[in-house]
Amino acid sequence: MEQEQQFNLKEQLESELSGLRFTREAEVIKRTHPVTFRGRLRAFWNKELELPVVPLGTAFALLLTSTFLYHAVRPPKSGPEMSGEVPQQRELVKSGGSIYWKDEIERRLPHHENPDQG
1 MEQEQQFNLK
11 EQLESELSGL
21 RFTREAEVIK
31 RTHPVTFRGR
41 LRAFWNKELE
51 LPVVPLGTAF
61 ALLLTSTFLY
71 HAVRPPKSGP
81 EMSGEVPQQR
91 ELVKSGGSIY
101 WKDEIERRLP
111 HHENPDQG
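The UniProt record's numbering numbers the first residue of the sequence shown as 1 and each following residue consecutively.
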């Protein structure tokens, strides 16, 4: 009885689809089974990717956390205390209602006084 139903369904399907003609068979086969390298590359890039969000997010969070902890725990490479230099005392200067570092004013002042000279 199942074979009869399958046979009837097949006949019904064939009768309903008898008016349809598939004309681009060669084009579809060319796209699904590419021969050239360019066609294979295009087929590869045309794939749909499903990326799992939870594992990727967890991996990214672990990478970010480990990078942060590595840089937080690592001692500084050099500093005035380590190199044996005496730290320079910087002096604050109040000028025109603003406060500046004295060494920065001395460094930049010649450029503003004589703009024509380099």
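Note that these hints are calculated values from the structure, not bench results. It should be emphasised that the depicted structure is a prediction, and the values quoted were computed from it without experimental measurement. Note that the Cβ used here is the ideal one computed from N, Cα and C, for glycine as well. Please note that a few of the clues may not be correct.
Unchecked claim - Taking CB as the label site, the calculated pair distances span: (1) Arg31 with Leu62: 49 to 57 Å; (2) Arg108 with Arg38: 54 to 62 Å; (3) Gln89 with Gly57: 42 to 50 Å; (4) Glu91 with Leu69: 34 to 42 Å; (5) Arg38 with Glu104: 55 to 63 Å; (6) Asn46 with Ala26: 17 to 25 Å; (7) Gly97 with Leu49: 55 to 63 Å; (8) Leu62 with Phe7: 57 to 65 Å; (9) Gln3 with Val28: 27 to 35 Å; (10) Asn46 with Thr23: 21 to 29 Å; (11) Lys47 with Gly19: 30 to 38 Å.
Unchecked claim - List of simulated lysine-lysine pairs, DSBU-like, C-alpha gap at most 35 Å: (12) Lys30 with Lys10; (13) Lys30 with Lys77; (14) Lys102 with Lys77; (15) Lys94 with Lys77; (16) Lys47 with Lys30.
Exercise. Compare the structure with the hints numbered earlier in the document and write down the numbers of the violated ones, lowest to highest.
Key: Of the numbered hints, 1 and 13 do not hold.
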